[in-house]
Amino acid sequence: MLSIARTLVGRDLLLALRRKSDVATALLFFVIVASLFPLGIGAEPNQLRAIAPGVIWVAALLSSMLSLARLFAGDHADGTLEQMLLGAAPLGVVVAARTFAHWLVSGLPLVLIAPLIALQYDVARPLYGVLALSLLLGTPILSIIGAIGAALTLGLRGGGVLLSLLVLPLYVPVLVMGAGAVEMAGAGLAPDGQLLLLGAFLVVAAAFAPWATAAALRISIE
Amino acid sequence: MLEAAEIECERGGRKLFGPLSVRVAGGELLRIAGPNGSGKTSLLRILCGLLTPSAGAVRWRGGPIGELREEYSRHLVYLGHAPAVKDELTPAENLHVACRLMGIAADASAAALSAFGVPDIPVRKLSQGQRRKAALARLLLSQSTPLWLLDEPFAALDTRSIAYTEELIGRHLAAGGAVVYTTHQPSALDARARVVDLAG
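Residue numbers (this note's numbering), protein chains in the order written: chain A, 1 to 222; chain B, 1 to 200.
Mixed in with the good hints, there may be bad ones.
[As the list claims (entries may be wrong)] Covered stretches of chain B (chain A as the covering partner; in silico rule of three or more C-beta atoms under 8 Å from a C-beta of chain A): (1) 15-23; (2) 46-55; (3) 89-102.
[To be verified] Between beta-carbon pairs, the in silico distance windows are: (4) A:10 x B:67: 30 to 38 Å; (5) A:36 x B:64: 52 to 60 Å; (6) A:211 x B:125: 32 to 40 Å.
[Unchecked claim] Examples of chain A residues toward chain B, derived with CB under 10 Å: (7) 1; (8) 11; (9) 14; (10) 17; (11) 43; (12) 73; (13) 74; (14) 78; (15) 80; (16) 94; (17) 129; (18) 164; (19) 222.
The set of hints was computed from the structure by calculation and includes no laboratory data. Even for Gly, the Cβ is constructed at its ideal location relative to N, Cα and C.
So that you can see chain A by itself, here it is in the shape it has in the complex (with noise of 0.2 Å):
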């Protein structure tokens, strides 16, 4: 079963490595609509250290999106999926294993580039620690739950649109937290809690929403 899981995310890492435009747009977009603030509202110090970490899981929240629509369409279009709902491992595990290389493709290089965003903000030098750490346990979140919604929405004629109103209100609570985390962090309080609770989140989300995935998936595919 790990094995097959192993296989899987190995598989879309090549792919990923084949078809490098797909990672380079979400990883642009990120930092496009993050530099478009400061540009917009002026450099004015204080104003953009205060707006950052909002600004910043903003982008994080859109261009996960971006990328999300592609989860399964891929594999449903050229009949893979319907291999894998076959396969000899249980549709949960895929779909984890799946989602787990979504997050390493569209969301571990937001962790690693958010702070070189927050460099354009002015973010003091502590705050990129906690930044990047609730980026860290945040965007495999919004995976997770992305998924579910890319699973109910496969096949659909304008799927994508749908997909974000579906998805982006499940992703207020990932929002509050993460941001949060790095604004109390900023105002010299400690994030432990934001932080903890973004990570119990992660936990239960990872545990349960596969299976939730798992079982839009089949309903799709019928």
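The hints should help you fit chain B onto chain A, whose structure is shown.
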């Protein structure tokens, strides 16, 4: 081995077929016949568990397949309309992933592909028939999987590959496996196949 009792299929509010009872035993070849749109693919998808029949049940060795899930799917190979190969990967990489997914050893994948004469270049550059062959190569590696469900296995194939596929199916039947397939092309297998006709 496989038994479908009184199944009915409805798609988009329209009844496609049923009630229909099908039974497939080891060593048996079953051909699903019928004109376009009569529900051949739907029946195959019901048999492999991708589609839930609107009435009736499918059982594998006595157990309902909806409950068996991967216990059942481990015992079947399903070749659908789409070849289930990724454009960016080579046929060998595709076959490797497909085998791991089915839980079978992928050691002989290179041999299986060369048996079908599939070149090892990215699938994107292959023709329709070659893609089909890259998918069919899975059959060669799943000889010990008892149930084969094949949707139009001969579509887009050249005569040599059709003969080879027929030979593979024949060998599988001789080894006690069961095969259910749909086709529009007359083939050498027709004589030994039991036919379920969805038209009448």
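Ascending list of hint numbers which this structure does not respect: Hint check: 1, 11, 12, 17, 18 fail, others pass.
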